[in-house]
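> Sequence:
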Amino acid sequence: MAFSNKEIYKKPERPKTNLDECLLEFQQKVHQKKPTPIPPPPLPKDSVHNQPDLEYKILQEFQHIHRLIKENGRQGDFSMEITFGELIPIFGAAEVDRLAEILANARRNGYVNYKLNDFLQQDRDEDVIIKSIKTPF
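Numbering (our numbering), first residue to last: 62 to 198.
Heads up, a few of these hints could be off.
[To be verified] With a straight-line Cα cutoff of 20 Å, these simulated SDA-like cross-link-like pairs (lysine to any residue) come out:
1) K195 / L84
2) K131 / I149
3) K131 / P105
4) K192 / E132
5) K131 / K90
6) K131 / K71
7) K192 / Q89
8) K195 / Q89
9) K195 / N166
10) K192 / P98
11) K192 / T97
Derived by calculation from the structure, the hints in this document are not laboratory data.
Quick caveat, the model's predicted, so the values are computed rather than measured.
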């Protein structure tokens, strides 16, 4: 079998692809207008998400408790400490539940610590030592 020079040096044929068609489809999809998203309905005025000052108020309460412990407490091991019973008249005897709630939130955020796994109560937990661990300033 003899081959001619044209057959030997002939360029191989390019495989037939649909690249041009695919490119056209891709460009059409890219340039299509997307539907505008529907905005969410407005939040009610009393929603938690409409209260930007809430976190600031909680931080102010942590700072107030920290100042009370610092001014009226005693120096312990690496922290200022005060008993819950000493803190009640300083904060206000009428607001014991609010004080216990602030201390629970401060404990959850790592600002204070005390050796009790329950909610603080006035008559039961007056000898519990509250330690100020981290400064909220």
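> Each hint: holds or not?
Hint check results:
no.	hint	result
1	K195 / L84	violated (61 Å)
2	K131 / I149	holds (15 Å)
3	K131 / P105	violated (40 Å)
4	K192 / E132	holds (13 Å)
5	K131 / K90	violated (65 Å)
6	K131 / K71	violated (93 Å)
7	K192 / Q89	violated (66 Å)
8	K195 / Q89	violated (59 Å)
9	K195 / N166	holds (13 Å)
10	K192 / P98	violated (51 Å)
11	K192 / T97	violated (54 Å)
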